[in-house]
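> For the record, the sequence lines run as chains F and L. Sequential numbering of the first sequence, starting at 138, is according to the working numbering. Sequential numbering of the second sequence, starting at 138, is according to the working numbering.
No incorrect hints appear here.
Identical chains blur together in the list; that is why a pair holds if it fits in one copy or across any two.
Only pairs whose alpha carbons sit at most 20 Å apart, straight line, appear in this in silico DMTMM-like list of lysine to aspartate or glutamate:
id, residue 1, residue 2
1, 182, 253
2, 364, 394
3, 182, 139
4, 364, 218
5, 378, 324
6, 364, 306
7, 364, 303
Because the hints were derived from the structure by calculation, they are not lab data.
2 protein chains.
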Amino acid sequence: MDIAYLGPPGTFTEQAVLAYLAGQPAQLYPHHSIQGTLRAVDQGKVDYAVVPVENSVEGSVGLTLDVMWNLVNLTVQAAIELPIAQALLSFSPEMSRITRVYSHAQALAQCQGWLELNLPLAQQIPSASTSEASQYLAQDYNYAAIASPRAAHLQNIPILQTAIQDYPDNRTRFWIVNRTLPNLVGERLSLAFSPRRRGPGVLMEALSLFAQRGINLTRIESRPSKKLMGEYVFFIDAEGKIPLVQEALAQLSPLTEGLRLLGCYQIRHVQG
Amino acid sequence: MDIAYLGPPGTFTEQAVLAYLAGQPAQLYPHHSIQGTLRAVDQGKVDYAVVPVENSVEGSVGLTLDVMWNLVNLTVQAAIELPIAQALLSFSPEMSRITRVYSHAQALAQCQGWLELNLPLAQQIPSASTSEASQYLAQDYNYAAIASPRAAHLQNIPILQTAIQDYPDNRTRFWIVNRTLPNLVGERLSLAFSPRRRGPGVLMEALSLFAQRGINLTRIESRPSKKLMGEYVFFIDAEGKIPLVQEALAQLSPLTEGLRLLGCYQIRHVQG
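Construct the complete structure from the given sequences, taking the supplied hints into account.
Structure (structure tokens):
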């Protein structure tokens, strides 16, 4: 089994892959971008791709939703939810000496309060990934990086402080994606549509199609259509009886210009 | 008049400030972060703060919405919408020699297609802002930055190519924020609420309160509550007759745990 994921090794996405595999053998291919990861499975270069889709603090990963909307052959097969614990990595013997903190912009944002309190004078420098950030540490012992404890372990870098994220219950959901058609089997259904008309009427009609049937919507997200300011694509997660969901989808379809069933799948919650 | 903005000088946010001022004298204070910019006005250090709130391609600026939700004394006084044209800046005589491209992650994302086509081998390196990116160019003449034509002009850096963003109609809306109470005068009303109950029912009820009164909702956005995965704060932009909007808000309030009127204001559309 070949799996593309948002790398490099040591990212939380890699941890999601390992949790999904649960010991099964597989060949892992790290990619630099979400687009690259999803394109690898779209082009048949790998069997699966794993990407982050939502964080409990930062919200949706817009790029994942946008690319899934455009690559119409891809289907969500499963979801994995992981606790996200950020650590401060450095070769420095003490925190007071730290002059720079490297990390992915989202990880810096997740630790903003802690950084302002504990390292108010350190320069914060965004990098392409949490794992890449730790590669700068050898340049200067007073540089630090925010990354996972696993990245620290893989790269043999000491951890100065664990669990520095501002919100203790920080979790990220990842999607496991491949190119088969969606099965209507699974607790969670994800769909996306671009309304035929502008304005809130279509969204309201869509929501009522689900509400009438007692289908619980666990998430509603809008993304810009990228054509006109104020034009959106809506992403909805639903939980309900499959025949009723199918009925709702059949009635939703004529209200839309495009309706994508992104997948129907189980969610695995990994504990910390 | 003292104005804090998301800097450094040369950012599109600075352009929004200049468009807002339309020649009036003011003292401008660049800040490194959206939090810092909004806190400066919250703490009374400046009269106004200017921050980006939505881009037509990338979507909402989540951090702006989150901070506005938390700093309850702040009010949106006006909005400015600017066309966003990204340029490739470099001291290199030709594009084929470029080895690295620096820019803010959002600007890199906005030019992804162009970069893959024209500079497939160049390394893409995220920086804290589009303006900071151009500061790396003196290190190596084969480095390039993506920034505004204004940043190129301010820093005396040649433009190798203009308008490299993938979506030609790329626009960003900025909010001008201060600490007065909201007036119910203006074409656009922005509000946010956290529902009292979980699930889509409250959002549907909220939408119907506006729909019944012919109030047009131009935008609906969800942001994570940061407490539990699946708990959201909703942000809504509405256009309608003020007495009817007030009626809708009065009925919405008991359905929520918190309801914030973020502002009622005019939007100025600046042409390219």
